[in-house]
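Engineer: Sequence:
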Amino acid sequence: MDQHSYVPVRTPEDLGKVVREARKKQHIRQEDMAMLIGKSHVHLRDIEKGKPTVSLGSVLQLLDELGIRVYLDAPKP
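Heads up, the sequence shown stops at 77 in the UniProt record's numbering, and the numbers go up one at a time, no gaps.
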């Protein structure tokens, strides 16, 4: 059974919502998640709120820790 869903993400806010929902579904507190990725809970909050200035590396690390895979749907040349 496929337990994955595909979610269109067009804005930092969209991504933040996905992150927040995944973290809560796994019953992980913000403070604990921040510690797992080596960031402050304020930094994690910024990601979850869709702040556009957070680093891509931090976001990718967080997605990996949550078990979220990222696929890009790029047009063919």
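No lab work stands behind these hints: they were computed from the structure.
Fair warning: there could be bad hints in the mix.
As the list claims (entries may be wrong) - Okay, derived cross-link-like pairs now, DSS-like style, lysine-lysine, Cα gap no bigger than 27 Å in a straight line:
| # | residue 1 | residue 2 |
| --- | --- | --- |
| 1 | LYS39 | LYS51 |
| 2 | LYS49 | LYS24 |
| 3 | LYS76 | LYS39 |
| 4 | LYS76 | LYS51 |
| 5 | LYS39 | LYS25 |
| 6 | LYS24 | LYS39 |
As the list claims (entries may be wrong) - Simulated restraints, written as ranges between beta carbons of each label pair:
| # | residue 1 | residue 2 | range |
| --- | --- | --- | --- |
| 7 | THR11 | ALA74 | 26 to 36 Å |
| 8 | MET35 | PRO77 | 38 to 48 Å |
| 9 | GLN61 | LYS25 | 26 to 36 Å |
| 10 | PRO75 | LEU36 | 27 to 37 Å |
| 11 | GLU31 | ALA74 | 18 to 28 Å |
| 12 | PRO77 | GLN30 | 25 to 35 Å |
| 13 | ASP64 | ASP14 | 31 to 41 Å |
| 14 | VAL7 | LYS51 | 31 to 41 Å |
| 15 | GLN3 | LEU72 | 20 to 30 Å |
| 16 | GLU13 | GLN61 | 35 to 45 Å |
| 17 | ARG29 | LYS76 | 37 to 47 Å |
| 18 | HIS41 | VAL70 | 34 to 44 Å |
| 19 | GLN26 | LYS49 | 27 to 37 Å |
| 20 | GLU31 | PRO77 | 17 to 27 Å |
Where a beta carbon is used, it is the ideal one built from N, C-alpha and C, also for glycine.
Engineer: Are the Cα atoms of LYS76 and LYS51 separated by 27 Å or less?
Structural biologist: Violated, at roughly 30 Å.
Engineer: So the hint says 35 to 45 Å: do the beta-carbon atoms of GLU13 and GLN61 match that?
Structural biologist: Roughly 20 Å apart at Cβ, these two residues miss the hinted range, so it is violated.
Engineer: Holds or violated: 25 to 35 Å for the Cβ distance of PRO77 and GLN30?
Structural biologist: Violated - the Cβ-Cβ distance for PRO77 and GLN30, about 41 Å, lies outside 25 to 35 Å.
Engineer: Straight-line Cα separation of LYS76 and LYS39 no greater than 27 Å?
Structural biologist: It is violated: about 37 Å lies between the C-alpha atoms, which goes past 27 Å.
Engineer: Run the distance test for LYS39 versus LYS25: straight-line Cα separation, threshold 27 Å.
Structural biologist: Answer holds: LYS39 to LYS25 is near 20 Å, not above 27 Å.
Engineer: Is it true that the C-beta distance of ARG29 to LYS76 lies inside 37 to 47 Å, as the hint says?
Structural biologist: Given range 37 to 47 Å: holds, Cβ gap about 43 Å.
Engineer: For the pair VAL7 and LYS51, does the Cβ-Cβ distance stay inside 31 to 41 Å?
Structural biologist: Violated - the Cβ-Cβ distance for VAL7 and LYS51, about 19 Å, lies outside 31 to 41 Å.
Engineer: Could you tell me whether the CB distance from PRO75 to LEU36 stays inside 27 to 37 Å?
Structural biologist: 35 Å, holds
Engineer: Within a Cα-Cα threshold of 27 Å, do LYS24 and LYS39 meet the stated pairing?
Structural biologist: 18 Å, holds
Engineer: Can you tell me whether the CB distance of GLU31 to PRO77 sits inside 17 to 27 Å?
Structural biologist: 45 Å, violated
Engineer: CB of MET35 to CB of PRO77, is that within 38 to 48 Å?
Structural biologist: This hint holds: roughly 43 Å between Cβ atoms.
Engineer: Looking only at beta-carbon atoms, does the pair GLN3, LEU72 fall within the given range of 20 to 30 Å?
Structural biologist: Since the Cβ atoms of GLN3 and LEU72 sit about 21 Å apart, the hinted range of 20 to 30 Å holds.
When each numbered hint is compared with the structure, violations occur for hints 3, 4, 7, 9, 11, 12, 13, 14, 16, 18, 19 and 20.
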